Structures are given as structure tokens and as C-alpha cells.
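Chemist: If you want the building blocks of each chain, they are given just below.
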Amino acid sequence: MHLRAEGLILKRICLAAALVFATLAGAGAATDQWAQFRGPRAGQIADDPTLPDSWSETENVAWKTTIPGIGWSSPVVWDDHVFVTSAIPSGDERAPIRGLYDPGDDNGSFKATHEHRWMLYDVDFKTGRIRWEKEIARGIPSIGKHIKNSFATETPVTDGRLVYTYLGSAGLLTAVDFKGKTIWTKETGALAGASEYSSGSSPALYKDRVIIVNDNRAQSFIAAYELRTGRELWNVPRQESQSWATPLVWENELRTEIVTASTNKVRSYDLDGGLLWELKGMTNLSTPSPFANQGLVYISSGYPGTSPRPVYAIKPGASGDISLVKDQTSNEFVAWYQPQLGTYNTSALVLGGYYYTLLDRGFLLCHDAKTGREIYGRQRISAESSGFTASPWSYNGKIFLLSEDGDTFVVQAGPEFKLLGKNSVNEMTMATPAVLRGSVLLRTQSKLYRIARAKK
Amino acid sequence: MKGLLRAFVSSWFAFVSCLPVCAQSLTFAPAGTIPAPVDLIRVEGTHAYVSSGRTLTIYDISSADSPKREGSYTFPEEIWSFRVVGTTAYVGANFFGLGILDVSNPAAPALRASFKTPGQAKTAAPFGSKIVVIDHMEGVVLVDASNAGKPVSAGSFFVDGYARDIVTSGAIAYAVDSPAGFYVLDLSAEKPMEPISALQTGAGLRTVEVSGSLAVLVGNGLIQLYDVSKPSAPVKIPPFKTPGSALRAAISGTTVYVADGREGVQVVDFSDRSAPKIVGRYETAGTVRDVAVAGDLLFAVVTEPTAKPQDGGKVVILRHTR
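Heads up: the sequence lines are chains A and B, in that order. Residues in the first sequence are numbered consecutively from 1, following the numbering used here. Residues in the second sequence are numbered consecutively from 457, following the numbering used here.
None of these hints come from the bench; they were simulated from the model. One thing to keep in mind: the hints can contain errors.
Each pair of labels, with its calculated beta carbon distance range [unchecked claim]:
{"#": "1", "chain 1": "B", "residue 1": "A763", "chain 2": "A", "residue 2": "W234", "range": "46 to 54 Å"}
{"#": "2", "chain 1": "B", "residue 1": "K697", "chain 2": "A", "residue 2": "Y376", "range": "51 to 59 Å"}
{"#": "3", "chain 1": "B", "residue 1": "V608", "chain 2": "A", "residue 2": "E374", "range": "51 to 59 Å"}
{"#": "4", "chain 1": "A", "residue 1": "G139", "chain 2": "B", "residue 2": "V735", "range": "40 to 48 Å"}
{"#": "5", "chain 1": "B", "residue 1": "T762", "chain 2": "A", "residue 2": "D92", "range": "23 to 31 Å"}
{"#": "6", "chain 1": "A", "residue 1": "N107", "chain 2": "B", "residue 2": "G584", "range": "47 to 55 Å"}
{"#": "7", "chain 1": "B", "residue 1": "S609", "chain 2": "A", "residue 2": "Y376", "range": "21 to 29 Å"}
{"#": "8", "chain 1": "B", "residue 1": "K572", "chain 2": "A", "residue 2": "P237", "range": "31 to 39 Å"}
In the DMTMM-like style, the derived pairs of lysine to aspartate or glutamate whose C-alpha atoms are separated by at most 20 Å in a straight line are [claimed, not checked]:
{"#": "9", "chain 1": "B", "residue 1": "K764", "chain 2": "A", "residue 2": "D102"}
{"#": "10", "chain 1": "B", "residue 1": "K572", "chain 2": "A", "residue 2": "E196"}
{"#": "11", "chain 1": "B", "residue 1": "K764", "chain 2": "A", "residue 2": "D272"}
{"#": "12", "chain 1": "B", "residue 1": "K606", "chain 2": "A", "residue 2": "E384"}
{"#": "13", "chain 1": "A", "residue 1": "K280", "chain 2": "A", "residue 2": "D321"}
{"#": "14", "chain 1": "B", "residue 1": "K764", "chain 2": "A", "residue 2": "D321"}
{"#": "15", "chain 1": "B", "residue 1": "K764", "chain 2": "A", "residue 2": "D105"}
{"#": "16", "chain 1": "B", "residue 1": "K692", "chain 2": "B", "residue 2": "E719"}
{"#": "17", "chain 1": "B", "residue 1": "K572", "chain 2": "A", "residue 2": "D106"}
{"#": "18", "chain 1": "A", "residue 1": "K447", "chain 2": "A", "residue 2": "E133"}
{"#": "19", "chain 1": "B", "residue 1": "K606", "chain 2": "B", "residue 2": "D558"}
{"#": "20", "chain 1": "B", "residue 1": "K770", "chain 2": "A", "residue 2": "D405"}
{"#": "21", "chain 1": "B", "residue 1": "K572", "chain 2": "A", "residue 2": "D405"}
Every value quoted in this text rests on a predicted model; they were computed, and no experiment measured them. Cβ coordinates follow ideal geometry from the N, Cα and C atoms, glycine included.
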């Protein structure tokens, strides 16, 4: 009995180690797998001469596949599996509108009237063939949605064994294996945020757990679930009413913590849900996701209808309330603060010591990532573009900026702004692409493209 | 208690609205109405211009007791706001862009030209052949309409917040954005899209009007005046809080007429800038969402008490006397 118990323990340790290895491999490998929103390095992709610089609807297109319904979630990729989510209405619903949109007297929220099917697709990386599709839920969404949002905006995550989808509008966290079989489902409730804009915060993985944040007007929470079983490990209430930012598992030099950005506060939790530090001073719609680079974590919140619209760079090791007081631009843990740099939807990009801000209304700005000093101010990307929601990405010394028109503007990285080109697929897009193995997986309103250099 | 009061006011409004209303030092007497639905109103000379949805309609108000509908023009998209100068209406028509409407023949307004801005066009104001347009994406867009039939872009000024409104007084343009920007542009300057002044105002101000040396910013229950005798250095005057939600305003001299939402129309006298005071009030059961003034006439767009914010109202024309 004793030996058997020891054997079981050893087996579990080995399994855990394997899982840790698999997870770290996914998170840390340059661009071999793309397991989460913005990939392993928040949009920074290792240089790869096989990656394409130019494309169109037909040029450098390895394949394109129609994905039914609408989903602004990003594709994630593991080996030959490309996973995307979507919500398919059974009838016509209001179409999304490009650009920064003022809905006027109503707030842009509306209730869907048709039954929806929340779907997960597994697309073959090589061919674009839909390998399988899985209906995760079906019903009329009970919560409202902003006209520009989708009911499948959360990007799934995968550890190479299962793919985890969180669909806030359906109130379900689900683990599906690579053959399309549901392993477990956790009901979290379809909870409306204060503005009824539907959800968007993607799940995050860390070792044996998946972490979700749902800020809503009923009971906001952050919770962790066991990957293998879906068992809730902890659930911590939050004093928030809405947010769309994806939590960041920040493995810094001192510890690993979970950083969340929301309307009232930025909060960081330990791996058991204990609050480590918090920071006040956000705008009332908080969408950009925290990300880390070179020992700092970056927070942005820039709803245009409020002021200030801050960006914070935070050092590791904080505890308690680290909010800036009046007229402060830094403190022991806030390395720098810019009061008007925050973005509405896009997350920023740090590359080569520069912090690049893509304003939703089509400007690029560059600041020193360590100090916040301006390198260049607002640069108009294109007079014709209608707006930007997808977050920027980079490789081969270039920054890629995908507009809602489906135009990817290519800008040179570095201290001087220079527009190098434009690649158009002529369809609305708000999803941030996945980039790996010489390919850009770009999702438009109706299609998934694998863009790769054509073989000569 | 408040419900009872509202019910009483509502009944009064519905059935006794023809009686004069005494309001402190101003007295209003209903003169006529323009039927619903109306979103916004401007008055120029003997004509009232009202928008509703995509349509701009012109009324002859020579006789305020019986306004006469003349003609209308329907844009492809919703009208956010507009201004009328002389015989031209400058219309912010959402994604259609700027519409330049010839209203010299009120019976048959004609689209003279249009200009597509990057986002949703909200409103516009002219200076000579230049037109400044408020665009939700871009901020302030300058349009050169020297070639009347084919206006072209002549630059833009990006505002950080949501661009809301613009008005011109001669070559000087005054623009506001939400939450807090107030910008002054000199359209006669070599670089007209570089503000000669940019200030942070109180929060939530959405509209701007100008009269003489006063710029009046209104929104969120506040009236914020600036002395713009020197446009490059506006001087902030202490804000004035109205009883209601202060949605829009019209100004005549130093008197500001405020569409104060559920609190009706408030008339505020700013002749003593340090001590502004309410000198008149017109109570309504519904919401007052816009006002215009012309001589002794006040035009108030009043929605029904049960109307949603997006529903239009009717125009109540009031004659006021001191």
C-alpha cells in the first residue's frame, strides 16, 4: 500500500513535470507554437526570413478557409492544429461597423434576437481544411453585445493536450481534446457588464491551471481551474463592473503573479488568488491587455471619452496600493506613467527598447520602454484607414498594424517612423493574428488565412 | 411626491400649455409649434431648420403662430448636427460625411456638395470657402470648398477625446471634445490646423456657441463660459450649474438659453460674469433637448415624458417678454 502510494505520487510528479515542460515550451519557444492571445511574447516574434512581408487576398496565401459566424478571437496554434472560436447566429443580426464608432443616444449595445451556436473549430495548419467542429453551446445570448463586439471574442488557450475556451457570453469554460471531445465544462454564468457590451477577456494558462477574469455588474471574479479536471481551485471576488483585458501571468525575477487590468484598478494576485498590489487610475472601459517585457509590466487604459488615459510601466515586487498621488509620474514601483498615451482597444508592443502605441484612430507613437520618454509623437498611418483594434506585432525589424479594413500597414521598427507598405485582404478584421513557422494566421470577419511566402 | 408633481406638470403641459408661464423676470407665452419628430433646431432669419433622423426640414416662421413647412432634404445617413449660415446649411451626416446644402430656395433645398470624412461627421461650420467639420475619428477636419462643387481636404487636427462640436466666429473656430478639450483655431492662419489655444475644461461639455466675446460650452449640467476677447488666450469664467442636464444652448448677447433636459429651459443672465443668475425658466413635462433664439422668440425641442432619448420631440415656440 505504501509502495503503491509512493508510486502514485511519483507518477503524479512526472505528469506534473511533463505538463510544466509542455507549458513552458509553449510559452517560451520562439514561434514554434502559438498557444495564447498575442503568442508567447506579446506580439514580438523572433526574426525569421521565411515570414512574409507582403500579401493580399491571393498573393502569398497558402490557404484561406471560411469560418462561419463571427468571432473576434484570435487563432491559436499547436502543431498542425489551428483553433478558432465563433458564434453563429441562426438569422441576421446587426453587422459590426468599422472604425471608432459613436452609437449616439443608445450606447451601442443590443440584444441578439436569434439563437446562436458557440463553436470551436480545429483547422489543419497545412491545408486549411476544417478537421472538426465542436458546438460548445447553443441558445439566444442572454446578455447584450456592443455592435462591434462578437459573442466569441475570447481567444482560446492550449497546453498541447487540451484546448480551453472561455465564452463569457455563454458562461462556459470548456476543455476539449485535440479530437474534438469535451473533457470538462465549467459553468461560470453569462454575466453582463455594466454597459452590456459582452465579454472579451481571454483565459490564461499557468502550469496546472487556467485562469479567467470576468468583470460584470453582478459579481466580478477572478478564478483558477485545474486543467485536468476543471475543478475550481479558487475564486476571488473583484470590485469591478466591466473589463475586456486578458490577465497576464507575469513570471518576473522575484515571483510569478497574475496581473489584471480593469475599470477601477489594476490588481495583481499571487497564484492562489491573494491580492499582492493594486493601482488606481484607469479609464471606465479597459480593454488593452497587460504584458511584460524586460522586467516591466505595461498597463494601458484609454477610453477616448475620459481623461486621463494612462499607461503605466510597473516594476516587480510591489505590494499594497501603489497608486500615484497627484502630480506624481513615478514611484517606487511605477517606473513611468504617461497620462494621455492609453489606447482604447489595442495592446501596445515593446520591441528593441521601444514602446509602440497604436491608437485606435490610426496613429503610431513611440516611447522609450524603460523611461516613457517620447521618441516620436503621433504619426498618421493612413488617411484612409477606418480604425484599429487588433494589436500590433513584429518580426524582421518591421511592425505590422492591422486595421479594421483588413489592411496591414508595415512600418519600420526603430526611432523613426517610416511606412513601408500595405497588405490588404479587403474584409473587416479585429482579431490579432497568430504568427509562427513562416506563417501569419490572419482572421477576417468570415475567413481564416494562412499567409506564407509562395514557394518559387 | 415627485411623481405627483410630474403628473401635475404633465397634465398642465398637455392641457393648459397655451397659458402664459411666468418665470422670474422673463415671461413666456406659447406662440406656435412645429410638429414632431424633431431632434435639433437652428433658426436663421425667418426660417427654422429642424433635423430628424436623416432629414432636414425647413419652416417659414414669419408667422410664429403658424409655422409653414417649406421643403426638406433627406441625407443617406443620420444627421448628427448642423449649422446654417446665410443660405447654406452645413450638415454632419454620419458616415456620409459633410453635406453642403443650398437652402436659398427653402421649398427645394439642394445638395451642393459633400465631403466624406474618415469617420462619422458630426457637424460643421464655415469661414469663407473653408469649412471645419467635426469627425468622430479624426477630430477637426478642414475642408476647402473653393471649388464649390468639389470640396477637398485641407488638413485636420486630431483631438484626443471624442470631438463633439464646432462653431466659427469670423476666422476663429471653437471646438470641443469629450471629456474636456476646448480648442481655438485661426482659420485665416498659414497653418490653420494648429490650435492657437487648447485648454482643458470641466468634464462632459459637448456643445459650443459664441456670441461676441463669449464662448459658451454646455453639457452634463454645466455652462462653462470663456471670455474669448483674445482667442489665443481664453479666460475661464467660473462654471454655472443648471438644475438639469444642460444638453445644448443658444446665446443672445450675454443671455444663455439652456435646453436643460427634464428641467425644461433655463435662461441664465451672464451680464455680471461673476454672478450669473437664472432669469427665466420654462418648465415642461418632457425633456428639452435643444433650443434656439431669434429676437423675442424661443424655440424649444420638447420630447414627450415617456420618450426615449433618441425619440424626437416637437418644437414649442415661445414669445418671451421681460
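Chemist: Compare the structure with the hints numbered earlier in the document and write down the numbers of the violated ones, lowest to highest.
Modeler: As far as the earlier hints go, 2, 3, 4, 6, 8, 10, 11, 14, 16, 17 and 20 are violated by this structure, in ascending order.
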